[in-house]
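Build the complex: two chains, separate frames, hints provided.
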Amino acid sequence: MNTIDRAAAIADAAQPFRSVLGPVAAEDLLAWLGAELGNREALDRWVGHGPGKAKAVAPRTILHVVAGNTPHAALQSLIGGLLLGSGNLVKLPRGGIIEVDEFVSRLPDALRATVVVSEDLPPGWLAQAGAVIVYGSDETLARFRGLVSPSQVFVGHGHKASLGIVWHDPEFVSCDGAARDASLFDQQGCLSPRVFYVREERPGFAREYAEKLSSAMDRFNRSHPRGLLTVEEKAEIANLRAAYRFRAANDLRVALWEGGGNMDWTVVYEEDAWLPASPLNRVIFVKPLPDDIARAIGPAAGHIGAVGLFPCTEELADRFASLSPSRFCPVGRMQDPPWTWHNGGVARLASLVKWVDFEPSSGLTA
Amino acid sequence: MACWRDIPCVPQDAFKHADLRSFPAHETAKTFRTSGTTGEGFGQHHFRTLEIYETAVREGWRSAGLPAGPFLVIAPHPDEAPYSSLSHMLAALAPREAFIASAGIIDLDRLRAVSAPVCLLGTALGFLHLMEKLGTEKIPLPPGSTAMETGGYKGSGRNISREQLYGMIADLLGIAPENIFNEYGMTELSSQFYARGPRGLHRGPPWARAVVADPVTLQEVGEGGTGIVLVYDAANVGSVVGIRTQDLAIKRGDAFELLGRDPAALPRGCSRAADEWMTR
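For the protein sequence lines, the chains are A and B, in the order given.
So for the first sequence, my numbering puts the first residue at 1; every next one is plus one.
So for the second sequence, my numbering puts the first residue at 1; every next one is plus one.
Only chain B is shown next, with the shape it has when bound in the complex (with noise of 0.2 Å):
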């Protein structure tokens, strides 16, 4: 194999049928698990240590050049979450104190007594949650503050724009939406991509690589083909390094574009999508 580019990709399906990982099972130190929305069960990441995982989330963490802290986290804590990689990344960032979203409650007292700038971090839904607990109360944080928004809204029956959440979070929580960031992950990766505002573009950390890739001949697309995104993720040395993600994207020199699900897409005939209601 003379490059990289060479390896295989695993389709992240198989992380659902099989287990992935290149050490003895007996070794496993951790397990996450994806959600497993659509009826299929669900897929799991083997861990022989957790090690390498965190450094890789602090240090890709630095590497895009995202603020240190201090961190206020409106997503559950490993303690309540204990198969969610997501969890387990914010509390490799964050401390357990920053947690303030208990049980699912966001204590919003935490928010109002924010005197200096802050990190928010959390799942889009989070925010959405948030912005609706608040209603038509504004809570300015201090300028200078950040947010870190991450996953979509699967399940939900939800769906905005990046530019309208990151619109809604300027507009109650005064955050700027060039200070917020986008984080492209998953459960069966160690590394995780970065976009900064509301029309960024993703980039990852020096030890991971995303092509953009025709779906059917898996060559990398020109400067603006659209295609599925291959992750290589040189931290997942436990499992498989190669991934080919189901998400669509642009690419954009050496970042790529996603293309989340258009909500003004056209619906494809009457035939119903079997995962329109296994989602719920």
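For reference, chain A alone in the conformation it holds in the complex (with noise of 0.2 Å):
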């Protein structure tokens, strides 16, 4: 199968998990290879390159460790793989994750035997794999990097979080956008944010903007309820709202939202402006913006994967460049990353190839 080909049976498959993936049309598809390679034919031809030519080489086998059980990080590296025409090795979690066993079940015959499978990670896997993707902690990227030769590359996606900062928001415009993007997967993502710095655009502006979210974060869940919590991801988000109510009692500067009497969602205002430890599952944090917004979040700056911004300029992504994150986006668009985004920093599909040149004879002298 060519590039192309490719590209139309991996859309084909991939139409069931949109709600994950955002659109992934074949020419998406292409449109992020052509965005890497900087021509979509790269893999299947020779293409110009300086006074040459130049083909892109896809590793023979990739192998995939998946550590997380949401099937975001799964999909995606295992499209690129695929669009990239590589076998794939890919190591699930325990348990597994339904959507990609089903995802692989939709390829065509061709593709589907470059997939393998396994919640193991089988003898001769990481040997016989040309590159290694590993999402994980900072400690399995250690370990998987130390086992890697030189000869294989080696790409780690490190677990991160992410923010938001309304900047200039007076009539509160933002508020649904910050609710979708804070609710979307119940917070499992990496883009995720867990909480929105607000600028403090006149006194009180940011437990203002807290309320409004609250409204917005009720709306959301009316439409899009949140999936079922087990009894520890419950008990996570009563001891928050048991710990912030005691608070909100004594304390002015912290207020507390509580959706409903099942835990739907949660809005936290707290003055203290550090990167809160979150239970997730929709429980959403405002906090008026700092001035050095990198040194308040302290230890988790480095840790940041996507900041949203509002309004999503240059300017404002340039004066929040220290949070270091690997994109700035607008909120209430956060949870929809386009295929080209460098995740961690990297072009994910042109950090996997190497390339080939071809200098033609015509003009040299035998």
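Restraint-style ranges between C-beta atoms, simulated for each label pair:
1) A/120 / B/136: 25 to 35 Å
2) A/15 / B/136: 54 to 64 Å
3) B/252 / A/350: 51 to 61 Å
4) B/222 / A/218: 29 to 39 Å
5) A/272 / B/160: 32 to 42 Å
6) A/95 / B/222: 22 to 32 Å
Don't read these hints as lab results, they were simulated from the structure.
The C-beta atom is built at its ideal place from N, Cα and C for all residues, glycine as well.
Structure follows, in structure tokens:
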């Protein structure tokens, strides 16, 4: 199969997963390839390169090691490997990921034969992979990095947290988008914000924003109810609510809005600027934007995935460059990364291929 | 209020944000602090007198049927850890000379010299350090020796099960797993709950109660149900009797089975829990 055929087959198989992947037409995938390799046919034929030509060579086999049990990372990583035409060994966490199985089963035979999925790491998988992509904790990344040989490509994606910054929104028009960002996928993804830092455009503005956000969280929850919670997750949220309820009763710098009697959503307003530990599952913090946000979030700096901005301007992105995210995007679109997103600051396809160059004989004397 | 169950519980976290004491601040004789590993500061438990606290420690120990000693303690003495309720609790049980881990260094010669049954007291992390220090050396303690371990591995990057820890203690020190006790306690309490053996259930002294409750409704769960632990500790005379802990347990008759964090639990997506890096 050539690249165009693969893109069409992948797009077809991925259609049921658009809620997770976003738009996934063949053209989206080919445009991604074109953006990263300079030419969407670079894997199939010699393409112009300086005075000569070059062809991209994908790894024969890619090992994908996926830690989280949400489908995003697994599907995106596998789709990249399929698009490149590599063989794909996919190590899933215990319990598997049903979306991955469904996606693979929808692939045509020729592509399905290039995918092997396992919940273990069979002996030999690591050695036969030309490229190793690992999603997981710093410890997991370090372990795999130590196991790959110098001839293998290694790409590690550590866990990340995301946040939003509301710079100027006197009419609170970003609240619905902020609620969407904080609610979709129940904050399980690394693009899910756990806190919105709101500039105090006037005294009390951030607190007011939190109140408006709570209404927006409630509206979103009515149309998109959250997923089921385990008793552990309920306990975490209930503990957080109990703690902040107590604090709110004693401290005017803290406020709490609780959605429903069933842990649907929670908004916490707190003036301390640090990046809070969060039980996730639609628990969102609102804090006044501190002068030096990178300093305020302390050890979390360097682990930031996306920063949602409102408004999203280049000037604001430059202002907050010290947060070192791999993505600035508008509040409301944090969960919709384009395929071209440099996840972790890495060109996800270009980092995997090697190039072979060709210089024609014409013009040279024998 | 008709029943002790009607007493509203204060969230454990409240000790970080308020001075919960039922006496004037200037009468404070002692304050214990929590370790404060999550970046939010630490919790404080104030006492007007330690008399009731120390009595609760000793009588709770006795009523749980734990050995009377002699003891060896692999944890810091209160002189080294003046804000640690655990150190103070251990000092209420064991004399100064029983502490064999001064400045964090375990004196193995004191263990090697043991000639009669002894009861080892320490934190789970302390026992783990002891195991690592022993390496392949075994110091079989006299038959009838026992141990009591407490606390978790928070902030250490370690997490092993009670079964594993007790297996290691049995292997290297010759203490049968059934003779090892786990203590469930916290800075915010004056009383302790004990469980015997790797699968033992936790029970408290007559003046304390633990209720396993639904985290949302706070109603007690049915037999075998999972919920959060609410503790009512009548020895907490200077602070708060009812405390809503952050721990999960299963209701087993009049006792509870504490649920540690399951190390095999699936990670949830790629969104990093902030406390993962804040507890380092």
